[in-house]
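> Got two chains here, each in a separate frame; can you build the complex from them with the hints?
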Amino acid sequence: MIKIGCVCGMGLGSGLLVKMGVNKVLKNAGYKEDTWQCEVLDVSTARQPGIDIYVTTSEFATGLMDTPAKVVTVLNLFNEKEIEKALIPVYKEVLENKKE
Amino acid sequence: MLVILEIVKGMFSQASILVGMIAMVGLIALKKPFANIVSGTLKTIIGWIILSAGATVVSGVTGYLGDLFIAVLNIPNAALPVNEVFSALVQQDAVLGPMVAWVFLGAFIVNILIALLTKWKYIYLTGHVILFNSVLTVAMFSLMPPIASSPLLVIVLSSVITGITMVLFPTLSAPFMEKIIGSKDFVLGHPGTIAYATSGFLGQFVGKKEDDSEKIKFPAWIGFMREPLVAMGFIMLIIFVVISLIGMSKGVNVEEILGSPWWLQCFIQALTFAGGIGVILLGVRSVLAEIVPAFRGISEKIVPNAVPALDCPVVFPYAQNALLLGYLSSIAGGLVVMFIQIASGGALGGVILPSMIVHFFCGGTAGIFGNSTGGWKGAVLGGIINGVMFTFLAGLVYTSLAGLNPAWAGSSFGDTDLGFIGSILGYISTLIK
Numbered sequence: 001m002i003k004i005g006c007v008c009g010m011g012l013g014s015g016l017l018v019k020m021g022v023n024k025v026l027k028n029a030g031y032k033e034d035t036w037q038c039e040v041l042d043v044s045t046a047r048q049p050g051i052d053i054y055v056t057t058s059e060f061a062t063g064l065m066d067t068p069a070k071v072v073t074v075l076n077l078f079n080e081k082e083i084e085k086a087l088i089p090v091y092k093e094v095l096e097n098k099k100e
Numbered sequence: 101m102l103v104i105l106e107i108v109k110g111m112f113s114q115a116s117i118l119v120g121m122i123a124m125v126g127l128i129a130l131k132k133p134f135a136n137i138v139s140g141t142l143k144t145i146i147g148w149i150i151l152s153a154g155a156t157v158v159s160g161v162t163g164y165l166g167d168l169f170i171a172v173l174n175i176p177n178a179a180l181p182v183n184e185v186f187s188a189l190v191q192q193d194a195v196l197g198p199m200v201a202w203v204f205l206g207a208f209i210v211n212i213l214i215a216l217l218t219k220w221k222y223i224y225l226t227g228h229v230i231l232f233n234s235v236l237t238v239a240m241f242s243l244m245p246p247i248a249s250s251p252l253l254v255i256v257l258s259s260v261i262t263g264i265t266m267v268l269f270p271t272l273s274a275p276f277m278e279k280i281i282g283s284k285d286f287v288l289g290h291p292g293t294i295a296y297a298t299s300g301f302l303g304q305f306v307g308k309k310e311d312d313s314e315k316i317k318f319p320a321w322i323g324f325m326r327e328p329l330v331a332m333g334f335i336m337l338i339i340f341v342v343i344s345l346i347g348m349s350k351g352v353n354v355e356e357i358l359g360s361p362w363w364l365q366c367f368i369q370a371l372t373f374a375g376g377i378g379v380i381l382l383g384v385r386s387v388l389a390e391i392v393p394a395f396r397g398i399s400e401k402i403v404p405n406a407v408p409a410l411d412c413p414v415v416f417p418y419a420q421n422a423l424l425l426g427y428l429s430s431i432a433g434g435l436v437v438m439f440i441q442i443a444s445g446g447a448l449g450g451v452i453l454p455s456m457i458v459h460f461f462c463g464g465t466a467g468i469f470g471n472s473t474g475g476w477k478g479a480v481l482g483g484i485i486n487g488v489m490f491t492f493l494a495g496l497v498y499t500s501l502a503g504l505n506p507a508w509a510g511s512s513f514g515d516t517d518l519g520f521i522g523s524i525l526g527y528i529s530t531l532i533k
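Order-wise, the sequence lines are chains L and A. According to this note's numbering, the first sequence is numbered sequentially starting from 1. According to this note's numbering, the second sequence is numbered sequentially starting from 101.
So here's chain A without its partners, still in its complex pose (with noise of 0.2 Å):
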């Protein structure tokens, strides 16, 4: 007896495991063939794995820029906000791991339960949402020592609070959604809502909605910006010239850190954080692939007259100009907040550097609403809206998880919505320290 407890236990402290059992019971109420939910179960597991694997390559990309900004500039925080980056890292650790992967199960529940009890009919089904903010809460809930030394108390609030989010924004995105869309088919389940929301209301103060973005013809060269992953990539390779530059002409001595020559380096290391979050995504995508539409599955059981909140790039076909100009103007946006947090000296917590992957999916979705309201000014209002907010608040949510282990110093999260109930427990956690 006591060795089947052992063994289960041993089982359950293995993060990929409790999620690849996510996955299995989700396959079996859906009564799938029974080789499906063997391959469907592995193949969580395997995702879950992929994902620790694609974490190891970022981070050393990370530790290298984090180094360089400390030798040229001695700026010691600065963080390049990748959702997908940061959950994958806290994932590996032993202990926050198994407790984001209850979490990630938790919230599904409290989904339901508010949609199935309340008038907020809305499921939200955008899953790599849900685990980050699965990783942000369990993060922040573990820097509360009084909650952090009960497990079990984590995992519930964290999910009543990710669940809360889960029918929250999608709540305040539904008006707008109507605009863009003509029908209430769907809400947006992504974490950018603060923004977009702000932005599609503000939109009509600045300009027409008839004035609508998409008259506008943008050169063709553009087209390489459309890709998140070569975005990030090429952005890297900006951040890490400019700051070796500045370095040479300080006398630091960059091929001492980078290895030589540094150029070379330079490159290499840029590409190699694209290419570890291409892992990550590989991961994500994977443990996703079975439990996404499991919880669909039950949930339309469930609630069958649920509206379900998707992913954002749903509304990128209704706007594609704005999505452009929003992701542009987002970048500006950042760059003038960045600039603000390196004057103060640490004062507004992390400098956040562009990450392209925020800018793209939450400044063009930004664009998009507030185009729906202004036309193409609201769409660059929405922009900068999204890239001033998020790179403010990422900003503020740093300071708390640089805390939590320093193997992580360098990423933080992005969105919005992610920074704005990061920074609400932050500070609540410098409450009862």
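In isolation and in its complexed conformation, chain L is listed as follows (with noise of 0.2 Å):
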């Protein structure tokens, strides 16, 4: 199970355009619903254990980079291409460390 935190200001509206774009990328990419748990947060408490990925703004993403959990930062929130282009990647080279 892959953990990735979509990080926004307050953890309410921008946060969940994220994750509705993270839910529908990874589920065109071919991965099965339950490889992955996407869960909203606020800046102030996105820092916790056992998150693998964080998906944010540059805006909100200088205080997660000392954290263990790759960051995967988008100009345009509601962009699927964009969140795809970022993600996958990043997403494949996590699936990949966790298998080891």
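Because the hints were derived from the structure by calculation, they are not lab data. From the three backbone atoms N, C-alpha and C, an ideal C-beta is built for every residue, glycine too. The reader is advised that the hints may include incorrect statements.
[What the hints assert, rightly or not] Computed list of lysine to any residue pairs in SDA-like fashion (alpha-carbon distance at most 25 Å, straight line):
#  : chain 1 : residue 1 : chain 2 : residue 2
1  : A       : Lys279    : L       : Thr73
2  : A       : Lys109    : A       : Ser249
3  : L       : Lys27     : A       : Pro408
4  : A       : Lys143    : L       : Lys85
5  : A       : Lys401    : L       : Gly30
6  : L       : Lys85     : A       : Glu278
7  : A       : Lys143    : A       : Gly206
8  : L       : Lys99     : L       : Trp36
9  : A       : Lys221    : A       : Ser399
10 : A       : Lys143    : L       : Gly50
11 : L       : Lys3      : L       : Gln48
12 : A       : Lys284    : L       : Asn76
13 : L       : Lys32     : A       : Arg396
14 : A       : Lys132    : L       : Met1
[To be verified] Residues on chain A that point at chain L, a partial pick, calculated with CB under 7 Å:
#  : residue
15 : Thr226
16 : His228
17 : Leu381
18 : Leu410
19 : Val414
20 : Pro417
21 : Gln420
Encoded structure:
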């Protein structure tokens, strides 16, 4: 199980947009729905153990850079193509590391 | 038969169960697996209950703050406008809570109908703002006895008004959004649009967009200000300490109000407030987690060519320095109006304390809109416009809201659009009382 944290300022609106995008992108890429878990988080409480990948914008990414998780930043939160391009390579890498 | 009717009636009188049922209908409509429907419905109900728990935490703190303001400065009408807090307080109400839940559903339907039948094809996907708007309209109509006597009428009117705002304000943002993001892919669905559009319009008169704010370098220490929850706790600490110090210089025994030692109590209360907001956020997040994707899925089927209206952080990456400039100048603009409100002695409604959440999100977005037409000068102007406008409007709205329930004193709505709709409805309520 890969845990993905979708981070925005309050964890309400745009984090949920990212979550919807991430779920769609991973599903379209052919991954099984129970192999990842996607959570919306606010920037102040986003740092927590167990998260493998953060998806957020550059605005909120700086505070997450020193965590063991991978940080994926996107410019347009609603653009699924952009999420796909940024997330899939990182997702594959995390998946590989988990297998080892 | 009668027993079943009683059970249904009982369930419908619980806002949490109503919201859970909205989520359930959405999940069924999207043909989700049975297990997902059950867990999604329960999680939505749990979210609503978490919301109540958070409201209890923050209302304790606003109580202390209100007592301090009265004892030290003799200001009985000081309020901190945090939409999340006020909404959480209202939804606890046995009468208003279930109505809010119905309006939450009704507003979605009105939005889809407008998008389907008119040329304004916007679908509003910022769930928490729909919730705030539902709370605001229900609260305001409940102040008008001829309308409040019929819960159905309150629900219908509130749904229509909330639904209209879900198309009107995104339309207002559209021309500016095209400039900022460089496409027509989405528009803004956030309740500060009156300030954003004004900032975008006036920005061109104060500066050139070539003087982009992205050329400015900010010091690193300012980073913590970018975390709304932390900034909120910090500003609450400042407010508590400043008022306590003024109190002590006047000979008021602040430890009688706060407990002792006063400085430690200030610290704990300020951070308890931020913690309470954190709990409320968790609740709202759980409520929206199933409902917003369901709304999106359903609306995409009914109005496939609609443009989504999205939450304000979607523009943040396009101008991060303008965000910070707007944020800081919004605080300045808000403070000026706050002192005017204090000096007016109640003539301008409530005294609106600086709410960092509103300043950050709305001030920052206004800064980005201003920057898109007037460069860094436009960004600064945008922030000031937002701070001045929302503080002024929130003061007016507080006059109406304060009459609702004494237990909700010290809390109010922030953002300009909420203030605008609220003060219009508040004015109408004084006419038909």
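> Compare the structure with each hint and give your call.
We went through each hint and held it up to the structure:
Distance restraint check for lysine 279 of chain A and threonine 73 of chain L: the Cα-Cα separation of roughly 22 Å lies within the 25 Å cut-off, and the hinted pair is therefore satisfied. Annotation: proposed proximity of lysine 109 of chain A to serine 249 of chain A holds, straight-line Cα distance about 19 Å (limit 25 Å). Of the pairs offered as hints, the one joining lysine 27 of chain L and proline 408 of chain A holds, with about 22 Å between alpha carbons and a cut-off of 25 Å not exceeded. Distance check on the hinted pair: lysine 143 of chain A and lysine 85 of chain L sit about 32 Å apart at the alpha-carbon level, beyond 25 Å; violated.
For the hint linking lysine 401 of chain A to glycine 30 of chain L, the alpha-carbon distance of about 23 Å falls within 25 Å, and the restraint holds. Between lysine 85 of chain L and glutamate 278 of chain A, the direct Cα distance comes to roughly 23 Å. Compliance with the 25 Å bound is thereby established for this hinted pair. Taking the CA atoms of lysine 143 of chain A and glycine 206 of chain A, the gap is near 21 Å; set against the 25 Å cutoff, the hint holds. The suggested pairing of lysine 99 of chain L with tryptophan 36 of chain L holds, with an alpha-carbon distance near 14 Å, which does not exceed 25 Å.
For the suggested pair lysine 221 of chain A and serine 399 of chain A, the alpha carbons sit about 11 Å apart, so the restraint of at most 25 Å is met. Among the hinted pairs, lysine 143 of chain A with glycine 50 of chain L is consistent with the structure: their alpha-carbon atoms are about 21 Å apart, no more than 25 Å. The suggested pairing of lysine 3 of chain L with glutamine 48 of chain L holds, with an alpha-carbon distance near 11 Å, which does not exceed 25 Å. Using a Cα cut-off of 25 Å, the hinted pair lysine 284 of chain A and asparagine 76 of chain L holds, with the two alpha carbons roughly 12 Å apart.
The hinted pair formed by lysine 32 of chain L and arginine 396 of chain A meets the criterion: a straight-line CA distance of about 22 Å does not exceed 25 Å. Note on lysine 132 of chain A and methionine 1 of chain L: the hinted pairing holds, with a Cα-Cα distance of about 21 Å set against a maximum of 25 Å. Below 7 Å, beta-carbon pairs count as interface contacts, and threonine 226 of chain A has one with chain L at about 5 Å; its hint therefore holds. The closest approach between the C-beta of histidine 228 of chain A and any C-beta of chain L is roughly 5 Å, which is under the 7 Å cut-off, so the hint is satisfied.
Here the hint on leucine 381 of chain A is kept, as its CB sits about 6 Å from the closest CB of chain L, short of 7 Å. Residue-level restraint check for leucine 410 of chain A holds (minimum Cβ-Cβ distance to chain L is 6 Å; threshold 7 Å). Taken as an interface hint, valine 414 of chain A checks out: its beta carbon lies about 5 Å from the nearest beta carbon of chain L, inside 7 Å. This hint holds: proline 417 of chain A has a C-beta 4 Å from the nearest C-beta of chain L, less than the 7 Å allowed.
Against a cut-off of 7 Å between C-beta atoms, the interface hint on glutamine 420 of chain A holds, since the closest Cβ of chain L lies about 6 Å away.
The structure is inconsistent with hint 4 alone, although it conforms to all the rest.
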